[in-house]
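The residues making up each chain are set out below.
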Amino acid sequence: MSDFLDVKNLHASIEGNQILKGINLEVNAGEVHAIMGPNGSGKSTLSSVLAGREEYEVEADHVKFLGKDLLEMAPEERSREGLFLAFQYPVEIPGVSNINFLKAAINAKRAHQGLEDISAKEFMQLVKEKQALVELKQSLANRSVNEGFSGGEKKRNEIFQMAMLQPRLGILDETDSGLDIDALKIVANGVNKLKSKDNAFILITHYQRLLNYIVPDFVHVLYNGRIVKSGDKTLALELEEKGYDWIINEVEAV
Amino acid sequence: MANKLDFLKQFDELTALFPAQGSARAVIHNGMEFPTTRDEYWKYTRVQALLGASYARNLVNIDSIESFRIDHLDAHYLVFINGKYSERLSDTGSIQGVEMTAMSKAEGARKDQMLDHLDRYVDRDRHAFNALNTSYFQDGAFITVADGAQVEKPICILQISAGKLQANNARNLILVGANAKAEFVQLFAGQNNQGAFTNAVTEMSIGEGANASLYLMQDEGSESAQIHSTQVAQEKDSTSKVVTITSSGNLVRNNLNFTVNGTGCESNMYGVYFTSGKQHIDNHTYVDHLAPNCNSNELYKGVMTDRSTGVFNGKIMVHREAQQTNAFQSNQNILLSDKATINTKPELEIYADDVKCSHGCTIGQLDEEAMFYLQTRGLSKEAAGKLLVQAFAGEVTEHIDIEALRIYTEQFLQQKFEDLDA
Chain A
618 MSDFLDVKNL HASIEGNQIL KGINLEVNAG EVHAIMGPNG SGKSTLSSVL
668 AGREEYEVEA DHVKFLGKDL LEMAPEERSR EGLFLAFQYP VEIPGVSNIN
718 FLKAAINAKR AHQGLEDISA KEFMQLVKEK QALVELKQSL ANRSVNEGFS
768 GGEKKRNEIF QMAMLQPRLG ILDETDSGLD IDALKIVANG VNKLKSKDNA
818 FILITHYQRL LNYIVPDFVH VLYNGRIVKS GDKTLALELE EKGYDWIINE
868 VEAV
Chain B
14 MANKLDFLKQ FDELTALFPA QGSARAVIHN GMEFPTTRDE YWKYTRVQAL
64 LGASYARNLV NIDSIESFRI DHLDAHYLVF INGKYSERLS DTGSIQGVEM
114 TAMSKAEGAR KDQMLDHLDR YVDRDRHAFN ALNTSYFQDG AFITVADGAQ
164 VEKPICILQI SAGKLQANNA RNLILVGANA KAEFVQLFAG QNNQGAFTNA
214 VTEMSIGEGA NASLYLMQDE GSESAQIHST QVAQEKDSTS KVVTITSSGN
264 LVRNNLNFTV NGTGCESNMY GVYFTSGKQH IDNHTYVDHL APNCNSNELY
314 KGVMTDRSTG VFNGKIMVHR EAQQTNAFQS NQNILLSDKA TINTKPELEI
364 YADDVKCSHG CTIGQLDEEA MFYLQTRGLS KEAAGKLLVQ AFAGEVTEHI
414 DIEALRIYTE QFLQQKFEDL DA
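Those protein sequence lines, which keep their order, are chains A and B. One rule links them: number in this note's numbering = place in the first sequence (from 1) + 617. One rule links them: number in this note's numbering = place in the second sequence (from 1) + 13.
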């Protein structure tokens, strides 16, 4: 059992439809996990449930994050404890400045850790440094959250926010979808630079392509609400070559 | 139902100080009735309780206006307490091109000028509360800005309602000369004024090529009521802006009317209201486009929670002569509770055939996706909601050119949101 993230028998349903049907997943600090699977397998539900989206009915033997019961926590508490979700479809929030809201977010986390508010100078330094990391234009950082951003800029903004908040666990929900190859490289490069022995990442993706740039330690295949196969990075290559059907056939044969 | 004559009796002992008051009193005593919810423009706002109460007129001494001022608002003040002018608390010192006095202090040619304009703009023959005000007001601010004067500091009329059950017919007259530029703040404040009723009328005339802004800040307290009519008359090529920020009041009804007499005018109206408890806040606006080539812009935003009610009615009238009018109007609302209500009605009446007019209203909730997004970044529900309300109101607050008022408004919105869960 991992003392970093331990998901045991996680079920989730929405409006009576069972989406997750018993997920077991262990992630240790320093690891990168890729979760792949065909459309409708429950990938995005898994990320939403871990981040605390309220629409789902959730049951599990337990979901422990850094020794605490994750499911007991409100979304903001999960964030302050070090969980970060990069959205597949980042929300546009007109009128809320990207920078002001990030400052509020950082200070909320610092308050949770018993620290004082970040100084204006320290904050601006951090912004400058992390902007460079994801090659986000300064004008975008100062604009309203995601408003009028292109698809690629939105995804970069997600990674920028992740870099600013320095989470222990980053969950990237199809961050690669809709990205051209240059943007994909920038996003991947950002994640690679953030990687350390103290944090971990879960990459939820449909395609193997991202995994050329962020090399996973483990690859899991999610199908029909369960992880039906796990392996190392070669599994992703195999999926790329053969598609999902052979796994689906394997599962359905049992 | 309250008896009109009984209600008026409590004011009848007041001396008629201005020539218009005799005829106004005749009008209100004979035939004119106060509106009920059967009147189209008062359908959602009940005034019967106001007309059934017995009011007092206290002489209250206030040592300092410090606690009533808006933080960091650097302005010239004219101060009235329960309608009575306080010379001691006012700062009418020499301002280039501006004369500001109490009406009661106007003398000679200045008095003639005042009497010439007083009661000229507002319609008191068809509106009972305007007639009530005109009949009984005892004093008010009289401000003139000379032709071409560029006034740097805002001029603030501070009207304090102090003590229980005060009734005050507050009256103001503002004349802005040709090509002048000035900003005015009308700040209504309260002190221990449970049951107080302020019935205010403000007349503002804006000369050719002039630019005038009026910020109406209503904060008389949670157990007070206010009915306020503002009449703006604009001459050729003038620009006006009226911003209404209602931060407290149990019952508030604003009538904001523009008469656009000349060509090339621009008229702007903005408003923010955030109601809670059983508050009832009603904004009626009316723009009378009488001349061609004019623009009017209007944006009112409201947040309603608990069992509170908001009312918005915006009417744009484009007369046959007013070709090439551009008139835009929008009212947007957020309801934070199931029991809160908004009644909103945009109205256009157009008799010209070459105009561009639009109107619209929206009613919605805080965006749940945005809430969740902000929460996943570590913001509490409350902090996220505050940010979203601030952002919602931002399209109005960005039009507040006086920084101290903008900050005040943002803080009032934040405070109101904080108090929701308390």
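Warning: the hint list may mix true and false statements.
[Unchecked claim] Derived lysine-lysine pairs resembling DSS-like cross-links, with alpha carbons at most 27 angstroms apart:
#: 1; chain 1: B; residue 1: Lys56; chain 2: B; residue 2: Lys328
#: 2; chain 1: A; residue 1: Lys738; chain 2: A; residue 2: Lys802
#: 3; chain 1: A; residue 1: Lys720; chain 2: B; residue 2: Lys328
#: 4; chain 1: B; residue 1: Lys118; chain 2: A; residue 2: Lys720
#: 5; chain 1: B; residue 1: Lys394; chain 2: B; residue 2: Lys369
#: 6; chain 1: B; residue 1: Lys177; chain 2: B; residue 2: Lys254
#: 7; chain 1: A; residue 1: Lys685; chain 2: B; residue 2: Lys394
#: 8; chain 1: A; residue 1: Lys846; chain 2: A; residue 2: Lys812
#: 9; chain 1: A; residue 1: Lys681; chain 2: B; residue 2: Lys394
#: 10; chain 1: A; residue 1: Lys850; chain 2: A; residue 2: Lys681
#: 11; chain 1: B; residue 1: Lys254; chain 2: B; residue 2: Lys166
#: 12; chain 1: A; residue 1: Lys625; chain 2: A; residue 2: Lys638
Quick caveat, the hints were computed from the structure, so don't treat them as lab data.
- Item | List of violated hint numbers, smallest to largest | Violated hints (numbers, rising): 2, 3, 4, 5 and 6; every other hint is consistent with the structure.
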